[in-house]
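Visitor: The primary structure of each chain is shown beneath.
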Amino acid sequence: MIEMNSTAQNAPAELGNSIRTGSGPSFDRRTRLRWANSAFRIACIAAAGFVCLVLFGILFLMFRTGILTFQEVGFAEFFFSTDWDPENGHYGALLFIYGTIALTALTLIISVPFSVLIAVFLAEMTPKWLRNTLRPVLDLLVGIPSVVYGYLGLTVLIPWLRDLTGKPLADGLLAAAIVLTIMVLPTISRVSDDAITAVPKKYRDASYALGSNRFQTIFRVVLPASSRGIVYAVILGMARAIGETMAVVMVIGNTAQIADSLFKPTAVLTSNIVMQISSVEFDSTWNYALYMMGFLLLVISLLMIVAVRFLQKKGASE
Amino acid sequence: MNGSMNGSTNEALRSEAPYSFGKRNGSSAVFDKIFTAVVWGIGILVILFICGLLFMLLKNGLPKLTWSFLYSIPSEIEEGGGIGPALFNSFYLLAISLVISIPIGLAAGIYLAEFAPDNKLIGFVRICVEGLSSVPSIIFGLFGIALFVEMFQIGLTILGGAISLAFLNLPMLTRITEESIRSVPVEMKNASFALGSTHLQTIRKVLVPVALSGLVTGICLTAGRAFGESAVIILTAGVTTSGVMWDFNLFSPGETLAVHLWYVQSEAIVPDAGEIAQKATSVLIFIVLLINLVFRVPLWLNARKTRS
Amino acid sequence: MKALIEIDKLNLFYGTFQALKNVSVEIPQRAITAFIGPSGCGKSTLLRTLNRMNDMIPGTRIEGRIAVGGTDIYSGEVHVETLRKKVGMVFQQPNPFPKSIYDNVAYGPRLHGVRSKKQLDEIVESSLKAAALWGEVKDHLKRSALSISGGQQQRLCIARALAVEPDILLMDEATSALDPISTLKIEELAQELKDKYTIVMVTHNMHQAARVSHQTVFFLNGEVVEYSETEKLFSDPSDQRTEDYISGRFG
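Residue numbers (the working numbering), protein chains in the order written: chain A, 12 to 329; chain B, 68 to 375; chain C, 882 to 1132.
Some hints could be false.
Unchecked claim - Below, simulated SDA-like cross-link-like pairs (lysine to any residue); rule was C-alpha separation at most 20 angstroms, straight line:
#1 LYS980(C) <-> VAL167(A)
#2 LYS100(B) <-> ILE108(A)
#3 LYS275(A) <-> ILE108(A)
#4 LYS213(A) <-> ILE938(C)
#5 LYS1075(C) <-> GLU1054(C)
#6 LYS126(B) <-> VAL167(A)
Derived from the structure by calculation, the hints contain no laboratory data.
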């Protein structure tokens, strides 16, 4: 700034000279600035590159370790057998894949209706003061550690379920699904809430002006108009449910058997990995199989990101 | 209410134009009322239910807390063990992971918001960030094992746990930075450029200060999540501590409070495991709420001020 | 012409702010009535009381009487949804739903219980024809309503309002967001529609009021300064303020 002032007083030729890079009395300072600028730029590029590197590092290591499973285990056995007995050389992962799918589906069946209703409640029905109280409360719930929810399930929910059903064991899919519901509900509700709130008021005006009541306006105009945002919210919740580990481990029972009942102890991909990984040798088929299961989880999560991207692209083109 | 339109009160409206849609029945209006009642009921009940459960956990644990529980050494066999080293490790590990992830996350976020030309490359970087943010935490744990236990052979350590946790934080921090920087009005940026600032100066003197409140909130959210994270830590830092307080050694095993809660509840054999778990839970919830609240309250107040 | 809407000593408050002061107006049937006045004078507020869209703004309070066809629409016996079905509304910004053209027009009839496909087809066609849009969109009824031009969108909104067979059509500055050619089309349309419908339009454009309306109501600061037949109001206003306004001295 100071150099600028001094040159501005001088002849036009001097001014012309001074705005040329690297000339004039401010040579040192300007070069230094320019140098710092490009160094910073490079640092930023490197950081962004590093983030990509981490993702590919993960993908590579998971794949390289996981693929070794198939040196000893057949492809078909891994994916289509439900016999998981690594001590005796049986590596059927289907039961965990099934467990993860069943648990996620059950969680969504319970949580989506509740979450969407709560989103409608927040966005359309509550008076302002209540909305301004409940939204932060839900945001806080999102931040509660998953192990706390697991503990909650283990010490509160499972005894309740046991009393309710009269069964000696209540660990299993239902307990896990309820715990996961409590976990994902704040997320799905808040993201859907934002999507519903973003629906322009003019659509509501038009609908009311045609003689709709609130129920009709919400179901025929507001929810369809925000459906993309709600689907996005559900995918977020789904990703969380699929990848959740600790809350599930504490309530699912951790038994390698396929769940044919809601109350039968079983296991899912994540819970099986965390329970067994620390007790196996790194260079063993058992360990490789666990990594292969991790790789599966990774692929599923990345596919969901692709789905979200697709939704967004479709939204932008309309 | 509804029937009255077809009744005598509205002769005029009815006589002006014959209805072509048949008689309007009351079902949709009744539906509306039921729907409103159901939504109110569910909205209030579910939120109260979840909050009530958490409140119960706090109520069960907080009154039993003593100072000595917070800093004494856990015991494997006898009653009366504390959570000192686990609590310390929680903060220590969190601090190291943030020291690693904040600079990288900030720089990557700034790159996405400011430097990246809008081309294929930026799309690719953004997909990577989103992809990474969707990776389940247990995968970061497996990655950590493969990297630190297997490749570098350092075993289950605080360092390995902190770096793995840093990887978990990275995408979140990147996105938060990008969003905060992008939300700065472009006029402010132009004003800075018009005064002859370089890009770096503009970022340092204008963009980051203006975006600071968003950045701080985002970092706190990330910190709150990382503080309660357990799957990554179990796999990379283990379920034991070195058994001494204030152990700054990066190569010690690094069980954190969240892991300790899981451990005492599912594996431990001490007779008072249940009570330790209750107390540890309340401490965990309390700290996480504190991290979230302390940095949000000023923002809420600020938002309230600007709104009115 | 017989009065279809009678507004009698109406006061309207938003919280403590009085937006309408002692307004009394009669609106004739099957004719176009225009509300004019500077911004913030209460003309849109009055329009929105006619189909009770103001109900949705918290803190709104109303005194006085508005009768449509002799029935006080603010009495407890009136069903708001049915009232709005009989009193259609077109807004300042074209606001078709993010659905297809067909679904936009069919929205109202479906809402009020029409299920048969054939009947819906007929209503959609006749409404679009009445709104002078049929020729332009008949080949792509399934296209998104957001893909047509602003002027077409506004006529679609008129068609959507007509599809529920209202008696009264409220137009809240319905042309202010449109280009001159679209504006002209809407004005012509209003002229055609007045034979079947009672039209009340709010306009910020005095010339539009003079061009299309039969009766003009002039508002100032929440009060009705005067109202009379459009020709008389513009050629021989009885109040000095009206004369000042229409001669462009303020507003």
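Visitor: Kindly indicate which numbered hints from before are broken by the structure, ordering the numbers from low to high.
Guide: Checked against the structure, the hints that fail are numbers 1, 2, while the rest are satisfied.
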